[in-house]
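Protein chains: 2
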Amino acid sequence: MKESVGIGLLGMGVVGGGVARVISQKGHHIQHLVGAPVAIEGILVRDVGRARSFDAPASLFTTNPNDVLHNPKVDIVVELMGGEYPALDYIQKAVSLGKHVVTANKEVMAKHGPDILAQAAKKGVQVLFEASVAGGTPIIAPLLRDLVANDVLTIHGIINGTTNYILTKMAQEGSDFGDVLKEAQELGYAESDPTNDVEGIDAAYKLAILSTLGFRARVSDADVYREGITKLTGLDFQYAKELGYAIKLLAIAAKVDGSIQVRVHPALVPDHVMIAKVDGVLNAVEIQTDLAGRVLFHGPGAGDMPTTSAVVADLVDISRNLVRNVVAAPPLRLSRDIRIRPMSELETKYYMRLNVAERPGVFAQILTVLGRLGISIASAIQKENDEEAQRAEIVLMTHRAKESSVQEALRLISDLDVVNSIGNLIRVEEWD
Amino acid sequence: MKESVGIGLLGMGVVGGGVARVISQKGHHIQHLVGAPVAIEGILVRDVGRARSFDAPASLFTTNPNDVLHNPKVDIVVELMGGEYPALDYIQKAVSLGKHVVTANKEVMAKHGPDILAQAAKKGVQVLFEASVAGGTPIIAPLLRDLVANDVLTIHGIINGTTNYILTKMAQEGSDFGDVLKEAQELGYAESDPTNDVEGIDAAYKLAILSTLGFRARVSDADVYREGITKLTGLDFQYAKELGYAIKLLAIAAKVDGSIQVRVHPALVPDHVMIAKVDGVLNAVEIQTDLAGRVLFHGPGAGDMPTTSAVVADLVDISRNLVRNVVAAPPLRLSRDIRIRPMSELETKYYMRLNVAERPGVFAQILTVLGRLGISIASAIQKENDEEAQRAEIVLMTHRAKESSVQEALRLISDLDVVNSIGNLIRVEEWD
Numbered sequence: 001m002k003e004s005v006g007i008g009l010l011g012m013g014v015v016g017g018g019v020a021r022v023i024s025q026k027g028h029h030i031q032h033l034v035g036a037p038v039a040i041e042g043i044l045v046r047d048v049g050r051a052r053s054f055d056a057p058a059s060l061f062t063t064n065p066n067d068v069l070h071n072p073k074v075d076i077v078v079e080l081m082g083g084e085y086p087a088l089d090y091i092q093k094a095v096s097l098g099k100h101v102v103t104a105n106k107e108v109m110a111k112h113g114p115d116i117l118a119q120a121a122k123k124g125v126q127v128l129f130e131a132s133v134a135g136g137t138p139i140i141a142p143l144l145r146d147l148v149a150n151d152v153l154t155i156h157g158i159i160n161g162t163t164n165y166i167l168t169k170m171a172q173e174g175s176d177f178g179d180v181l182k183e184a185q186e187l188g189y190a191e192s193d194p195t196n197d198v199e200g201i202d203a204a205y206k207l208a209i210l211s212t213l214g215f216r217a218r219v220s221d222a223d224v225y226r227e228g229i230t231k232l233t234g235l236d237f238q239y240a241k242e243l244g245y246a247i248k249l250l251a252i253a254a255k256v257d258g259s260i261q262v263r264v265h266p267a268l269v270p271d272h273v274m275i276a277k278v279d280g281v282l283n284a285v286e287i288q289t290d291l292a293g294r295v296l297f298h299g300p301g302a303g304d305m306p307t308t309s310a311v312v313a314d315l316v317d318i319s320r321n322l323v324r325n326v327v328a329a330p331p332l333r334l335s336r337d338i339r340i341r342p343m344s345e346l347e348t349k350y351y352m353r354l355n356v357a358e359r360p361g362v363f364a365q366i367l368t369v370l371g372r373l374g375i376s377i378a379s380a381i382q383k384e385n386d387e388e389a390q391r392a393e394i395v396l397m398t399h400r401a402k403e404s405s406v407q408e409a410l411r412l413i414s415d416l417d418v419v420n421s422i423g424n425l426i427r428v429e430e431w432d
Numbered sequence: 001m002k003e004s005v006g007i008g009l010l011g012m013g014v015v016g017g018g019v020a021r022v023i024s025q026k027g028h029h030i031q032h033l034v035g036a037p038v039a040i041e042g043i044l045v046r047d048v049g050r051a052r053s054f055d056a057p058a059s060l061f062t063t064n065p066n067d068v069l070h071n072p073k074v075d076i077v078v079e080l081m082g083g084e085y086p087a088l089d090y091i092q093k094a095v096s097l098g099k100h101v102v103t104a105n106k107e108v109m110a111k112h113g114p115d116i117l118a119q120a121a122k123k124g125v126q127v128l129f130e131a132s133v134a135g136g137t138p139i140i141a142p143l144l145r146d147l148v149a150n151d152v153l154t155i156h157g158i159i160n161g162t163t164n165y166i167l168t169k170m171a172q173e174g175s176d177f178g179d180v181l182k183e184a185q186e187l188g189y190a191e192s193d194p195t196n197d198v199e200g201i202d203a204a205y206k207l208a209i210l211s212t213l214g215f216r217a218r219v220s221d222a223d224v225y226r227e228g229i230t231k232l233t234g235l236d237f238q239y240a241k242e243l244g245y246a247i248k249l250l251a252i253a254a255k256v257d258g259s260i261q262v263r264v265h266p267a268l269v270p271d272h273v274m275i276a277k278v279d280g281v282l283n284a285v286e287i288q289t290d291l292a293g294r295v296l297f298h299g300p301g302a303g304d305m306p307t308t309s310a311v312v313a314d315l316v317d318i319s320r321n322l323v324r325n326v327v328a329a330p331p332l333r334l335s336r337d338i339r340i341r342p343m344s345e346l347e348t349k350y351y352m353r354l355n356v357a358e359r360p361g362v363f364a365q366i367l368t369v370l371g372r373l374g375i376s377i378a379s380a381i382q383k384e385n386d387e388e389a390q391r392a393e394i395v396l397m398t399h400r401a402k403e404s405s406v407q408e409a410l411r412l413i414s415d416l417d418v419v420n421s422i423g424n425l426i427r428v429e430e431w432d
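Same order as they appear, the protein sequences are chains A and B.
Residue numbering for the first sequence follows our numbering, beginning at 1 and increasing consecutively.
Residue numbering for the second sequence follows our numbering, beginning at 1 and increasing consecutively.
Extracted from the complex, chain A is given alone in its bound form (with noise of 0.2 Å):
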């Protein structure tokens, strides 16, 4: 039996604070739940000068990690540092000493969670990263405990709060991207160089996470499709509603055939459909399983007390089984030879807005091109004619087609005399 837990913390931002704190004021509470007390051994930071928002003795404080990973009295490293290195040689160091992690790392995981998990099983050790994924919303515990009897089918997330806050405003709003761009970065929801989060890659490295865990399989950050939210308009969030969806930044990711599909990209969704009505920084993610059907979890997806939540809950579990002397459970058995499907296999059906001169015949000529590319129209809307320029906007809603098919057909719409420009191409994620 041990007699107690030391931690060592790795970082000192906003979530560091947080959990400092609730590692002290709710110490009572974590021993009940541990058996054991819970102590801070070790506080990795970049200034020991400055002021905390919590109480910790001056000695705990380091600029060298080195004194938190080689600390014996550290049974557990918590790595809040964010970003690939040094947090990865960090992580892989205190692994190979011997000593569990717990990680809110998304880019980590994303890029070398299969590695790490795979080495923290030969030493032994648990390595946890609840808060890389949604914050304060469960969803990598559900699904590997709660959820670990079903396969997996589809993933369904809005796992980036960025972009869903911009995406709610310009919906409620008919407001352009880069308006309302600038207001989230006034209001600091969006970063002064939004690039992670809206051009997806924020979003990727988390799918990437839960299709690695969900099926089982390799599946890495560079594997996922991304497109991010930067070419939507006012005008595609006004059609979208009168067609009845809404348009989301969505990642996906998917069993076909026996291969995986992963991609992010602005979906339209129907407005019925739950994932649909998640609006501003919140967070959801639909799993849909062969025994469960579809089960969703919706929150907070950052912020420092909702992910000190989910990094203390893995602290705990940790420490529960330190206290009692429990090997970790069996690792994740992941397969490394699934197929990733590239993009141009894809099968969906597509929401296109296209610029056109109004002459007679131009639908006649879209249609021909569509058609010989085996592509059907479920319904089309001639919209904002402009009368004096004489130039007309037109959306289609197609049935399922083929991504490849339906690239190759802008490629020779766009060539057409009569059409000035492609508006949009967003694909259509349909709910049975």
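Because the hints were derived from the structure by calculation, they are not lab data.
Take every hint as true, because none was put in to throw you off.
According to the in silico footprint, chain A covers these stretches of chain B (three or more CB under 8 Å from chain A):
#: 1; segment: 30-42
#: 2; segment: 141-152
#: 3; segment: 284-297
#: 4; segment: 315-326
#: 5; segment: 329-343
Straight-line Cα separation of at most 20 Å, PhoX-like style, residue types lysine-lysine; simulated pairs:
#: 6; chain 1: B; residue 1: Lys241; chain 2: B; residue 2: Lys277
#: 7; chain 1: A; residue 1: Lys255; chain 2: B; residue 2: Lys26
#: 8; chain 1: A; residue 1: Lys277; chain 2: B; residue 2: Lys277
#: 9; chain 1: B; residue 1: Lys255; chain 2: A; residue 2: Lys26
#: 10; chain 1: A; residue 1: Lys277; chain 2: B; residue 2: Lys241
#: 11; chain 1: A; residue 1: Lys182; chain 2: A; residue 2: Lys231
#: 12; chain 1: A; residue 1: Lys402; chain 2: A; residue 2: Lys349
#: 13; chain 1: A; residue 1: Lys241; chain 2: B; residue 2: Lys277
A short, non-exhaustive set of chain A residues, derived as facing chain B with CB atoms under 7 Å:
#: 14; residue: Ala149
#: 15; residue: Lys277
#: 16; residue: Ala292
#: 17; residue: Gly293
#: 18; residue: Val295
#: 19; residue: Met305
#: 20; residue: Val316
#: 21; residue: Pro330
Every residue gets a Cβ at the ideal spot worked out from N, C-alpha and C, and that includes glycine.
Starting from the known structure of chain A, arrange chain B on it as the hints suggest.
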């Protein structure tokens, strides 16, 4: 290292059949997760001769519970009989014999959960019951594991699929309760005796379980204030909609000034909150906590395969521990002396529908009564004037008021000459 895990099944309805099929069809997957094969070693049935949806040697079936409970090969007893007796006796017997238990039995867990868990802790065995609330939607393990660092502030649940189906239909079609109930019975969504569902008894069981775990206090179904859905009319849904609300049968638990409020009743819910959007037979539970904020779990609340998903997850959890010789985690420490708030102390907003005579001064008389009791009005609409009969309908929305004052006001109002009848009183649940 245990070489195999033996399961004894009590009850062989659709869920029992599902569990047996999954254990057989996913045997390889389960064996990998557990680290040893998991096999069914005994099945209690009513009729050993009946045809089954899965293959099992005839020798496994018995009509004598002792053949399962006393079978030395049975490590885990899975109770899927439902109802208080004899299920409770069998569970207690199993625990006293040192067997682990998985149950889907909400009635037993609501009435006797804390005692069973205390008995299990003494015997060093696990009793898991994920399937007892919200079927295949994970809620109990996430509450105990992922939200373990949190203090739960409120619980809001739609945890009875039958009534949510009926209310969804009433809202969509403007129909009255009786008609929709009949339709639901014909479709198999409601039982021929629908009392348990429509009077909120089933929801009260589940709320007692969630409250016990969430507040770490002994809360039984007898503590839960209950009001069913039978008095709701199409008119209420129409007015609620105009006011920006949905009507849902909510299971609500809250910690108020250190005491616990637990109630199941129809409630007006602002139509923009997620739980207002939960339609049909689906379930959802929203947990509000100090750290994670509001987290919502949404999915199928019943059905053979979703329930099977939850039961097998519990089975795998216990089996893993058995194989690795792990003792169960320390039991939940439940406070015994926590006060349950009487309903009279509730403070919330109210919707009142009154049938009144259409005469000058009627409204003033009603407002006078309300004012005397300290109840102020947020909005009022006068509706459906029946000019010939000189009748009108008044719909009032109050500001926050005390339940005891509102009940007293209703008594006084119904005594007024100008008031024909109280149409309905529905509590309003606000989100911040």
